[in-house]
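Chemist: As a plain string of letters, each chain reads:
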Amino acid sequence: MSAAPDIVIVGAGIVGAACARECARAGLRVLVLDRGPVGGGTTAAGMGHIVVMDDSPAQFALTAFSRRLWQELAPELPAAVEYDPCGTLWVAADEPEMAEVHRKAAFYRERGVRVEVLEGDDVAAAEPALRPGMAGGLRVVDDAVVYPPAAAQHLLESQENARRIEVRPGVTVAALNEDGGVTLADGTRVSAGVAVNAAGPWSPLLAPGLPVRKRKGHLVITDRHPGFVHHQIVELGYLKSAHAVTADSVAFNIQPRKTGQMLIGSSRQFGAEGTEINAEILDRMLRRAFEYLPGLGRLSAIRAWAGHRAATPDKLPLIGPSLASDRIWLATGHEGLGITTSLATGRLLADQVLGRAPAIPVEPYLPARLGKGDTPHA
Amino acid sequence: MNSARLSFDLVVVGAGPGGLAAASVAAERGGSVALLDNSPWLGGQIWRGEQARSAVPLARQWIERFLASGARAVMQASVFASPDRGVLLAETPAARLTVRFKKLILATGARELFLPFPGWTLPGVVGPGGLQAMVKAGWPVAGRRVVVAGSGPLLVAVADGLRRYGARIPLIAEQAPQLRLARFAAGLWRYPDKLAQAVAMKARLLGIPYRAGVWLRRAEGGERVERVVLTDGRRSWTVECDLLACGWNLVPNTELPRLLGCALASGFVRVDEFQRSSVEGVFCVGELTGIAGADAALVQGQIAGLAAVGETEAAREWFAERSRWHRFGAALTRAFALRPELRQLAKRETVVCRCEDVSREAVERCRDAREAKLHTRCGMGPCQGRICGAATQFLFGWESDSIRPPVFPVRMESLLTASEHPKPVSNLSDPTS
Ligand SMILES: Cc1cc2nc3c(=O)[nH]c(=O)nc-3n(C[C@H](O)[C@H](O)[C@H](O)COP(=O)(O)OP(=O)(O)OC[C@H]3O[C@@H](n4cnc5c(N)ncnc54)[C@H](O)[C@@H]3O)c2cc1C
Ligand SMILES: Cc1cc2nc3c(=O)[nH]c(=O)nc-3n(C[C@H](O)[C@H](O)[C@H](O)COP(=O)(O)OP(=O)(O)OC[C@H]3O[C@@H](n4cnc5c(N)ncnc54)[C@H](O)[C@@H]3O)c2cc1C
Chain H
1 MSAAPDIVIV
11 GAGIVGAACA
21 RECARAGLRV
31 LVLDRGPVGG
41 GTTAAGMGHI
51 VVMDDSPAQF
61 ALTAFSRRLW
71 QELAPELPAA
81 VEYDPCGTLW
91 VAADEPEMAE
101 VHRKAAFYRE
111 RGVRVEVLEG
121 DDVAAAEPAL
131 RPGMAGGLRV
141 VDDAVVYPPA
151 AAQHLLESQE
161 NARRIEVRPG
171 VTVAALNEDG
181 GVTLADGTRV
191 SAGVAVNAAG
201 PWSPLLAPGL
211 PVRKRKGHLV
221 ITDRHPGFVH
231 HQIVELGYLK
241 SAHAVTADSV
251 AFNIQPRKTG
261 QMLIGSSRQF
271 GAEGTEINAE
281 ILDRMLRRAF
291 EYLPGLGRLS
301 AIRAWAGHRA
311 ATPDKLPLIG
321 PSLASDRIWL
331 ATGHEGLGIT
341 TSLATGRLLA
351 DQVLGRAPAI
361 PVEPYLPARL
371 GKGDTPHA
Chain G
379 MNSARLSFDL
389 VVVGAGPGGL
399 AAASVAAERG
409 GSVALLDNSP
419 WLGGQIWRGE
429 QARSAVPLAR
439 QWIERFLASG
449 ARAVMQASVF
459 ASPDRGVLLA
469 ETPAARLTVR
479 FKKLILATGA
489 RELFLPFPGW
499 TLPGVVGPGG
509 LQAMVKAGWP
519 VAGRRVVVAG
529 SGPLLVAVAD
539 GLRRYGARIP
549 LIAEQAPQLR
559 LARFAAGLWR
569 YPDKLAQAVA
579 MKARLLGIPY
589 RAGVWLRRAE
599 GGERVERVVL
609 TDGRRSWTVE
619 CDLLACGWNL
629 VPNTELPRLL
639 GCALASGFVR
649 VDEFQRSSVE
659 GVFCVGELTG
669 IAGADAALVQ
679 GQIAGLAAVG
689 ETEAAREWFA
699 ERSRWHRFGA
709 ALTRAFALRP
719 ELRQLAKRET
729 VVCRCEDVSR
739 EAVERCRDAR
749 EAKLHTRCGM
759 GPCQGRICGA
769 ATQFLFGWES
779 DSIRPPVFPV
789 RMESLLTASE
799 HPKPVSNLSD
809 PTS
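Protein sequences appear in the order of chains H and G.
Just so we're aligned, residue 1 is where the first sequence starts under my numbering, counting upward by one.
Just so we're aligned, residue 379 is where the second sequence starts under my numbering, counting upward by one.
What the hints contain is simulated information worked out from the structure, not anything from laboratory work.
Incorrect hints may have been included.
Subject to a maximum C-alpha distance of 20 Å in a straight line, what follows is the list of computed SDA-like cross-link-like pairs (lysine to any residue) [as the list claims (entries may be wrong)]:
id	chain 1	residue 1	chain 2	residue 2
1	G	Lys514	G	Ala472
2	H	Lys258	G	Asp735
3	G	Lys725	G	Arg755
4	H	Lys258	G	Gly544
5	H	Lys104	H	Glu72
6	H	Lys258	G	Glu734
7	H	Lys258	G	Ser385
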């Protein structure tokens, strides 16, 4: 790249890649820096479930919009991305959970999200491996699954805009500068109009005081057992203990991959910095999964690992200019939904950088909402 | 699933020469000692199946000594994780074992290095060690033509064994040049052991055609391998066969020591004079610490076994003998070093990762093993890079990717570790991933 880029993005995870794609599409010249390979951070450690969620109106707006962007992108995705519109099946173990199924169903239908309510027998027919006696479930038809590192690669390489993006893997950034450029670990300065911090769970290291905390998650991948489950299946069982949520928690969540393998999650822990396996968490997570899928225990596991989500106090990402400087931008804090919301993040970031009318209201995601960035949340 | 808890002063993993020696000498001095191995037999790669027939005097001697030592053998137990300091998890066909130890000696040995070449995935192309094990277990080879190719002393030993079971060996093709082998053979007088002498000489003495400086270019056939194309660098020719047994020396099984955090140096576990690794209380012996054969492993095993029970003075008495075998190992490594031409065997479309069907072309576009894994799936399959990882290390000089439990595939339920009495599960307010 001869002239200085318009925008330099730190982090070639799925979020940085999506931001690069949208900015390049709008004609900007983009430089993407990562200390590792493309998609080698959290993007390689997560599950790749593209899912609509409704914890808050803003979360729903972002996930639903972003899922639509994934659906639009789907026809051009290469096989390596393993896009699979398998849908989500939220399973209800009992009647109180079934009430939640009906609430969710009504909420989604009103907003144009395709859903089907399943009774107990339908759930058993749809997923015979589930333990008998489920009360029912909710099928969210258009949810999907991708393989995130390949998706990040595709976003950076896809034909129309690739030549405006330069990716430099193996480059560590030491600081984002108030004049819009960055300083590399070796002292080199790279100038640019705007610098974007898309460093995922490591973003606070480049933005001291940023209210983003690491939230650890474990996953296990099985050998190939095609046809064992057909949807991404997630429990609704959290409702009963919602008031007793501790810092460490687990839930049943399983994902079929196009390879015939399955990814099994999930766990959440604050204050666990390393990526080593925590035996007790893994134990609890798997026991929970076996409760739902009694046959799972006899299938073969080939690898277990852990990664870190970038968590914010209000569970919404930070997309927009930072409080530190209007030339240092943020695209981080995506917690457990960054694969889903990456495309919307790219769009909203580009809209703001270019001064376009935002595709959806952007206020809930602006960094300014959390107040001065110099008071980290507990 | 059954699960059992065991606890010992000393646990030894791997029942080859190194592990047998370590467990025996330690148990003879009291204390509780267990020896775990994933196969049903004592003896490891080299002495596998010798237990009943006892054809090899040294094998008989050590297996008998072990059986008399008071150490406990836990067979068909594959150690796959270490969830905590002083704890190993192992899987047997029937149960999951939680094994506690105060001291640990790892003797997990080595496996053959397989290099990709056109045709290497054809049925009938096998590893020499693997074929040997199958034949010992009763798989028939009588009357079959087996070309043995690759590198290392193992080729001769395997060919000899196959012939005893009735196979015909048209050729042993050793990639190392004749001159280097001759120099190696000339130095062998220093090592009295007959086996060592035999390494380079045996083939000819046995009347098996043996050619040094010859390597494989490809294997051909329809349903299965029918012939191989060999070269000496100047000309190429074809040899008809029913089976091709090929392997290029050995690579250490460092997965478990790496999982435990033991530091490596040049691909082997780094140990001090008492075979202690960088991790407190964990010793490593045998091929893990350098390829030097069974005799070296026996001596290292005794040193580690003695040191682990505090008999450091007794251990010292073996140092001189160990040095001798280390020199032997160094000479072996020099003699059988792989020639650079082997890096070119795999063509662009040749599969490098067999589990995931990834071609050389795809892998070569990446900068390192981790990138290749993320973007091509190379090394993501059930073998977790055991085969292709060693190959890409040779082909491209890549370091292997991070090690994660389980060290090899296990039943999901075997991963349940922590609590036999789990605390009540607290669920998420947000159950998505
Ligand atoms: C959908 C999906 C399917 C998968 N399928 C399989 C499969 O079939 N088989 C399989 O084996 N695996 C699979 N994986 C697992 C996956 O690729 C890795 O195992 C996972 O990324 C964890 O990596 P690791 O154990 O190698 O740890 P690593 O990734 O090696 O941990 C390294 C971490 O440290 C960070 N880091 C790097 N350098 C530095 C530094 N200098 N300072 C600080 N931090 C640094 C990196 O960003 C990274 O997060 C799959 C993953 C996904 C997402
Ligand atoms: C267990 C688990 C399961 C998950 N499951 C899902 C799911 O099913 N669906 C979903 O939507 N989301 C899921 N997520 C969340 C999702 O994976 C993340 O939100 C997403 O990957 C974040 O992408 P990112 O680009 O922001 O971060 P990353 O992928 O971490 O990218 C940040 C990049 O910045 C680089 N970097 C950091 N510091 C520097 C520096 N100083 N210099 C240069 N480069 C640097 C890193 O190397 C890294 O590549 C899951 C997460 C986890 C941990």
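Chemist: Now look at each hint and say whether the structure bears it out.
Modeler: Quick rundown of the hints versus the structure:
Restraint check for G/Lys514 and G/Ala472: the C-alpha separation of about 25 Å exceeds 20 Å, so the hint is violated. Proposed proximity of H/Lys258 and G/Asp735 is supported: the alpha carbons are some 15 Å apart, at most 20 Å. Of the supplied pair hints, the one linking G/Lys725 and G/Arg755 holds, its CA atoms being roughly 19 Å apart against a limit of 20 Å. For the hint linking H/Lys258 to G/Gly544, the alpha-carbon distance of about 46 Å lies beyond 20 Å, and the restraint is violated.
For a cut-off of 20 Å, the pair hint linking H/Lys104 to H/Glu72 is broken: about 24 Å separates their Cα positions. Taking the CA atoms of H/Lys258 and G/Glu734, the gap is near 13 Å; set against the 20 Å cutoff, the hint holds. For the suggested pair H/Lys258 and G/Ser385, the alpha carbons sit about 42 Å apart, so the restraint of at most 20 Å is broken.
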